[in-house]
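Engineer: These protein sequences, in sequence, are chains A and B.
Heads up: the first sequence is residues 0 to 190, going by numbering that gives the first Met the number 0.
Heads up: the second sequence is residues 0 to 575, going by numbering that gives the first Met the number 0.
These aren't lab readings, by the way, just hints derived from the structure by calculation.
Just so you know, even glycine gets a beta-carbon here, dropped at the ideal spot from N, CA and C.
Warning: the hint list may mix true and false statements.
Here are the simulated distance ranges between beta carbons [to be verified]: (1) A:H6 - B:R564: 22 to 32 Å; (2) A:W17 - B:N575: 32 to 42 Å; (3) A:F31 - B:F240: 19 to 29 Å.
Rough simulated footprint, nothing fancy, chain A against chain B, three-plus residues with beta-carbon under 8 Å [as the list claims (entries may be wrong)]: (4) 167 to 175; (5) 229 to 235; (6) 238 to 246; (7) 257 to 266; (8) 411 to 418.
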Amino acid sequence: MNNPDTHSGVTNAKLGVWLFLASEIMLFATLFTSYIVLRMASTSWPWGWDVLNVPLATLNTVILISSSVTIVMAYAKAYDKDKAGFQKWMAATILLSLGFLVVKAFEYGAEFKLGIGPHTSVFYAIYFTMTGLHGIHILGGIAVNAGLLYMSSVDEHWANPLFLGRVEGAGLYWHFVDIVWIFLFPALYLL
Amino acid sequence: MAHDEHAHGGHELSFMERYVFSVDHKVIGLQYLITSFIFLLVGFALMGLMRWQLAFPGTPIPFFGGLFPSDLAPNGVMSGEFYNSLGAMHGTIMVFLGVVPLAVGAYGNYVLPLQIGAPDMAFPRMNMMSYWTYLPGGILMLASFLMPGGAAQSGWTSYPPLSIINPGQTVWLLSMVILITSSLLGAINFLVTTINMRAPGMSLWRLPVFVWAQFVTSVLLLLAFPPLEAASVLQLMDRVFHTSFYLPKDLVILGQAYAGSGGGQPLLWQHLFWFLAHPEVYVLVLPPMGIVAEIIANNTRKPLHGYKTMVFSMIAIGLMSFMVWAHHMFISGMSASLSNFFLVTTMIISVPSVALMTCLVFSLKGGSIRFNVPMLFALAFIPLFAIGGLTGLPLGLTVTDIYLHDTYYVIGHFHFVVVSGSIIALMGGTYYWFPKWYGRKMNDTLGRIHFWGTTTTMVGIFLPMLFMGLGGASRRLYDPTAQLHNLPVQGWNVVATYSAYLLALFQIPFIYNFFNSMWNGEKTPENPWQATTLEWACPSPPPHGNFEKTPTVYRGPYEYSVPGRKTDFWMQTDKN
Ligand code: HEM
Ligand SMILES: [Cu+2]
Numbered sequence: 000m001n002n003p004d005t006h007s008g009v010t011n012a013k014l015g016v017w018l019f020l021a022s023e024i025m026l027f028a029t030l031f032t033s034y035i036v037l038r039m040a041s042t043s044w045p046w047g048w049d050v051l052n053v054p055l056a057t058l059n060t061v062i063l064i065s066s067s068v069t070i071v072m073a074y075a076k077a078y079d080k081d082k083a084g085f086q087k088w089m090a091a092t093i094l095l096s097l098g099f100l101v102v103k104a105f106e107y108g109a110e111f112k113l114g115i116g117p118h119t120s121v122f123y124a125i126y127f128t129m130t131g132l133h134g135i136h137i138l139g140g141i142a143v144n145a146g147l148l149y150m151s152s153v154d155e156h157w158a159n160p161l162f163l164g165r166v167e168g169a170g171l172y173w174h175f176v177d178i179v180w181i182f183l184f185p186a187l188y189l190l
Numbered sequence: 000m001a002h003d004e005h006a007h008g009g010h011e012l013s014f015m016e017r018y019v020f021s022v023d024h025k026v027i028g029l030q031y032l033i034t035s036f037i038f039l040l041v042g043f044a045l046m047g048l049m050r051w052q053l054a055f056p057g058t059p060i061p062f063f064g065g066l067f068p069s070d071l072a073p074n075g076v077m078s079g080e081f082y083n084s085l086g087a088m089h090g091t092i093m094v095f096l097g098v099v100p101l102a103v104g105a106y107g108n109y110v111l112p113l114q115i116g117a118p119d120m121a122f123p124r125m126n127m128m129s130y131w132t133y134l135p136g137g138i139l140m141l142a143s144f145l146m147p148g149g150a151a152q153s154g155w156t157s158y159p160p161l162s163i164i165n166p167g168q169t170v171w172l173l174s175m176v177i178l179i180t181s182s183l184l185g186a187i188n189f190l191v192t193t194i195n196m197r198a199p200g201m202s203l204w205r206l207p208v209f210v211w212a213q214f215v216t217s218v219l220l221l222l223a224f225p226p227l228e229a230a231s232v233l234q235l236m237d238r239v240f241h242t243s244f245y246l247p248k249d250l251v252i253l254g255q256a257y258a259g260s261g262g263g264q265p266l267l268w269q270h271l272f273w274f275l276a277h278p279e280v281y282v283l284v285l286p287p288m289g290i291v292a293e294i295i296a297n298n299t300r301k302p303l304h305g306y307k308t309m310v311f312s313m314i315a316i317g318l319m320s321f322m323v324w325a326h327h328m329f330i331s332g333m334s335a336s337l338s339n340f341f342l343v344t345t346m347i348i349s350v351p352s353v354a355l356m357t358c359l360v361f362s363l364k365g366g367s368i369r370f371n372v373p374m375l376f377a378l379a380f381i382p383l384f385a386i387g388g389l390t391g392l393p394l395g396l397t398v399t400d401i402y403l404h405d406t407y408y409v410i411g412h413f414h415f416v417v418v419s420g421s422i423i424a425l426m427g428g429t430y431y432w433f434p435k436w437y438g439r440k441m442n443d444t445l446g447r448i449h450f451w452g453t454t455t456t457m458v459g460i461f462l463p464m465l466f467m468g469l470g471g472a473s474r475r476l477y478d479p480t481a482q483l484h485n486l487p488v489q490g491w492n493v494v495a496t497y498s499a500y501l502l503a504l505f506q507i508p509f510i511y512n513f514f515n516s517m518w519n520g521e522k523t524p525e526n527p528w529q530a531t532t533l534e535w536a537c538p539s540p541p542p543h544g545n546f547e548k549t550p551t552v553y554r555g556p557y558e559y560s561v562p563g564r565k566t567d568f569w570m571q572t573d574k575n
């Protein structure tokens, strides 16, 4: 039932992930639209680089892009049924994503210390909301990737053709989370 | 994923696995069915209380008045705040916990996999999770009545700034986010199932109209709900973290300057809300239309008129429904060119809607109609839903909407659509598919009593609303008699209220009939209606896995009365 010999030629799991991402695109598109509307209507909107920490965000951009590369490597290794290789690259991906969250926590911490929070202004409201939601998505990704890493230690899963599909799904999701950041970074920090 | 779910065929399922945490689409469908019918009753009960206040403002609620705490109903008389809570919760419960789960969660879940010849949904475990997020979300919504401050008071539309100031809204928002998650899980499942799991030979043009309706509906749910989710998150931020996404600068509440930063946009919420809520209207309407199409084809004993027209109309409606949302906001101060845009798109979307209805009417022409209970409901759907649809046109035209906006006319209009339209069709669906669910038929006489009682009292409720609205009565009024200009139409409120109570009475034969027939109904064969679609090509009720062997499909869904054949129906699975 779950073999690729379905009507569309795409497995159920992969189709499901794509549809899920379609709904996620609508979610973030709505937030970006709200951002544009609020900014256009606002009389005072700060420049992102004046008030936010661009170097830290740049570092985070580099971290996330690297993690996109490592997860592709993990998938390639899983494809070759190279267990050790998969585990190495997946662990690297998870470490990078944790690094992203640590950097983000430093940023938030510095802002809170100055008494700045979501209530400060609409700019900060949208900044905290969007980066916060994105952070939750990162957390979700870490959970999924860690789950796969754990599964990979059980040989039985390697015999299951669905395992590779799951790794691929996780990879698709991770790329999506990266792409959201690629839009968030300029929108909030640079424009 | 699907495979290991079926692997446990080997061991005996426990009671919990079979009836509570079941992964079988049929059990989940029936769980949705019962739960959403209960929520419909709850939503109806809330309205029953409100109707008393509307007909006899300021008088104690009979029988139940004393049961409420005195801050809600001092001396049994409903307070204004309580009225507002009841209204907001009625709308929310009816739409998100009643009709949609019934149309999609129940009928879609049970019937769609059968009609495409699949053994189950694509993701059975996700299907179970969808129900088990819906139920807690719904209970949380209801429980908000018991929380400090009570339930939400800002209407099902939750417009800011009121919704940000009023108590109760936080729980409303949380349960909405949970319910949205549930319906996203469902939508993904329906889409993957329809795309991937069709039986051999079941090409797209052989899908029953009902499956197409569910498919388009799922696309709408998938793409329209996330914006409301985002909008709800922003409103939650406003309430919990005191942001000002929806609050303007220098807001003054009861003489007090609001402490937040301000600088937000109240209208942003309205746009985001209606971007979901207009497509949502079609979520409420398309699956019931699909049901009506199935029943009509079956009981006219001839192919549907314009099957492809119907499918293309539904697809067109699906696409267009994302481009009409601001017709709910004509008087919010938007520019004339923008109103004109939405006026035009609204008129355009009414074309495929009328096409659908026309196809249904033409399908009757020349048929030898069997007037059984499901067919009575399907037939009543056509004129009643048409009233709902046609009364919508003046709301889509800016000139007339300026007068009609926020009057009882609007309430009358959409209740004709969702109550005497959708709910009538959904009730018909129960009579139609009951033999499949339980291998027994519902009682005919009780069905007819239920039918005539329900349709006439519904008209008795909603026609007066149209009159009151035309007379200038506003919606969401706690005490209609407080305004002199409402007095001439106040009599209609009394008519509507008594009709509503009669409507409640007429549901008793239905409820009794449903449960009684489960055990005592007349036993029926596999295909009692002599229908052509696949759900009738398996035992009733279908076993786990549905079909003994995967069916092969040879023809379109409605091959009735084909000349030269002995029987007047030609099942999709019959080779010759
Ligand atoms: C037959 C049973 C029903 C009756 C008697 C009824 C009656 C009413 C009345 C009188 C109002 C106006 C409240 C006001 O002016 O404050 C109302 C509002 C509403 N109803 Fe119903 N209704 C019924 C069923 C439904 C169903 C099945 C749905 C949806 C699927 C629904 C959705 C709504 C909505 C969305 C509102 C607007 C609530 C708001 O103002 O936020 N109703 N109903
Ligand atoms: Cu609309």
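Engineer: Between the stretch 257 to 266 of chain B and chain A, see if three or more residues pass the 8 Å beta-carbon test, and mark the coverage as holds or violated.
Structural biologist: holds (count 5)
Engineer: Has the stretch 167 to 175 of chain B got at least three residues whose CB is nearer than 8 Å to a CB belonging to chain A?
Structural biologist: Per the Cβ count (0), the hint is violated.
Engineer: Could one say that the CB atoms of W17 of chain A and N575 of chain B fall in the range 32 to 42 Å?
Structural biologist: Check passed, 40 Å falls within 32 to 42 Å.
Engineer: Is the coverage entry for the stretch 411 to 418 of chain B by chain A consistent with the three-residue Cβ rule at 8 Å?
Structural biologist: With 0 residues close enough to chain A, the hint is violated.
Engineer: Are there at least three residues in the stretch 229 to 235 of chain B whose beta carbon sits under 8 Å from a beta carbon of chain A?
Structural biologist: That given contact holds, which follows from 4 residues of the stretch 229 to 235 of chain B lying within Cβ reach (below 8 Å) of chain A.
Engineer: Is the distance from the Cβ of F31 of chain A to the Cβ of F240 of chain B consistent with 19 to 29 Å?
Structural biologist: Cβ of F31 of chain A to Cβ of F240 of chain B: about 20 Å, so the range 19 to 29 Å holds.
Engineer: Has the stretch 238 to 246 of chain B got at least three residues whose CB is nearer than 8 Å to a CB belonging to chain A?
Structural biologist: holds (count 5)
Engineer: Using the C-beta atoms of H6 of chain A and R564 of chain B, is the stated range 22 to 32 Å upheld?
Structural biologist: holds, 29 Å
In the structure shown, a violation is registered for the earlier hints numbered 4 and 8, in ascending order.
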